[in-house]
Amino acid sequence: MTSRVGQILIVDDDATFRMTTAKLLEADGHRVDTAANGPEATERLKEKTYDLLLVDYKMPGIDGIALVEALRLWGHSAPILMISGFGTGATLFEVALGVTLSATRLFPMVVALLPLLRVRGTRVRDMLLPTHFTSISMWVESLRLLPAIAREHRIAFCNGLSSAYMGTAVTFGFVGYYLAAGLPSLLAGVLLFLTPMSFFLSTVRNARMMIDKLSLVLGLILGPLLFYWGVQLDLMWTGIIGGSVAYAIHRGREATQ
Amino acid sequence: MKAAAIEWGPYLVLILIGFLPNEVWRVLGLLTARGLSEDSELVIWSRTVATALLAGVIAKLILFSSGELANIPLAVRIGAAACAFGAYLAIKRSVFAGVIAGEVALLLGGFLFGH
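The listed protein sequences correspond, in order, to chains F and U.
Be aware that the first sequence starts at 0, since it is given in numbering that gives the first Met the number 0, and climbs by one per residue.
Be aware that the second sequence starts at 0, since it is given in numbering that gives the first Met the number 0, and climbs by one per residue.
Rather than coming from a laboratory, the hints here were simulated on the basis of the structure.
The structure presented is a predicted model; accordingly, all values stated were derived computationally and were not measured.
One thing to keep in mind: the hints can contain errors.
What the hints assert, rightly or not - Straight-line alpha carbon distances no greater than 20 Å define the calculated DMTMM-like cross-link-like pairs of lysine to aspartate or glutamate that follow: (1) F:Lys-45 - F:Asp-27; (2) F:Lys-212 - U:Glu-37; (3) F:Lys-57 - F:Glu-253; (4) F:Lys-212 - U:Asp-38; (5) F:Lys-212 - U:Glu-40; (6) F:Lys-57 - F:Glu-46; (7) U:Lys-91 - F:Asp-62; (8) F:Lys-45 - F:Asp-62.
Next up, chain U with everything else stripped away, as it sits in the complex:
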């Protein structure tokens, strides 16, 4: 019994803290969305909440970076994001062009202003 608990313990932990916490929200979402049309008010509100939340994640990744990205100065990171946005607007709203521009700007900025 004890050996089995030790052997299966990690998998149980994986399910309990890796799988279930995410799945709960997904299933709740599934149940809530049942029968709702895509232009119902709750669905529109959910989209605005999800969009704002996602934007928050993105801004935090850029402003409060960690790991190797944190070694590049904050001003360079913000500047690179601005370059990416500018290139995106200038080059036919191409995400690919924008990302490349942002990456090049970050590389140059990091190279010139230390990292």
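This is chain F alone, in the form it adopts within the complex:
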């Protein structure tokens, strides 16, 4: 154990737990802040950066899972330690379930991608690697580039593309980790803006057909709206509602033509 002193944020709705844990950590020389819920935690995180977050996964309102998901999406790199009524099997299972519900996007992504990779004689096990490799960047770029690539080379292409993306991500993850602390606030913000901007424009570039443009616009509107209204599983519903409406309009237009 090193004796590094850190800035720690405790997020838990239980006041006794917050106080006692804070006292224990402060006795070890750490600087500790507390938050009683998700919104309070977000406020604290706007004020300063932390070396470690202790997050109770079971809280009223925005629970720990939703909070962590949001923080990760927004590029928070501080280690997060999920805490609960000290990990019985049931609670661990509940955490797993929570994460599972937040990863639904992978299902439609895989269903939309794999048929583009298949040739006569492709076995299910040939598809395992691209299935496992599917990520937002890989998916968007594959949908764009695959039509120009011979079918029998497409699986290899996707695997190569993903390996390159992951290699780059790991490398810059390391660089970013050491850079972030010393970077002025504005520049760090500019750096964090790279992800939404590149996702945004590459998705716009992919939306050639009306049906894709519709899905894109509906998603851009529904995503923030459902989140703002506090809808549970907001992103999943954004996909299902936005996508289905776009699909229905597309079918309707086809039928009238």
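Use these hints to put chain U onto chain F, whose structure you have.
Below, chain U alone, put in the same frame as chain F:
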């Protein structure tokens, strides 16, 4: 037995809450896509759902930013995204040009209007 449980516990947790929750959807997708052609209705619908979902993620990242990005005013973030889109359209639909324009706009906006 107990020592082994403690030693392997974190890895089990990693598999249970890090690996399996994602993998379940991937494998379900793999099984669903089996035998489907790329222009089947289910595949087209999946693409629209995935596209809308992805757009939702993007919009949330811009509008409800957090971390250092949240220190830059909302109007500046929206303006920068609009600049990126404009530059993308103006410069031969280049994603690279659009991203650069968005970043420059965000930097200037953040510099002028506080962060």
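Holds or violated: Lys-212 of chain F to Glu-37 of chain U, with C-alpha atoms at most 20 Å apart: holds, 19 Å
Pairwise hint evaluation, Asp-62 of chain F against Lys-45 of chain F, where the allowed Cα distance is 20 Å at most: holds, 19 Å
Given pair status - Asp-27 of chain F, Lys-45 of chain F, alpha carbons within 20 Å: Violated, at roughly 25 Å.
20 Å Cα cutoff - pair Lys-212 of chain F, Asp-38 of chain U: The hint holds at about 18 Å.
Restraint status (C-alpha distance of Lys-212 of chain F to Glu-40 of chain U at most 20 Å): Satisfied, since the Cα-Cα distance of roughly 18 Å is no more than 20 Å.
Holds or violated: Lys-57 of chain F to Glu-46 of chain F, with C-alpha atoms at most 20 Å apart: violated, 24 Å
Satisfaction of hint between Asp-62 of chain F and Lys-91 of chain U, Cα-Cα up to 20 Å: Since the Cα atoms of Lys-91 of chain U and Asp-62 of chain F sit roughly 44 Å apart, the hinted pair is violated (cutoff 20 Å).
Pairwise hint evaluation, Glu-253 of chain F against Lys-57 of chain F, where the allowed Cα distance is 20 Å at most: Not OK: Lys-57 of chain F and Glu-253 of chain F at ~47 Å, beyond 20 Å, violated.
Violated hints, in rising order: 1, 3, 6 and 7; the structure is consistent with all others.
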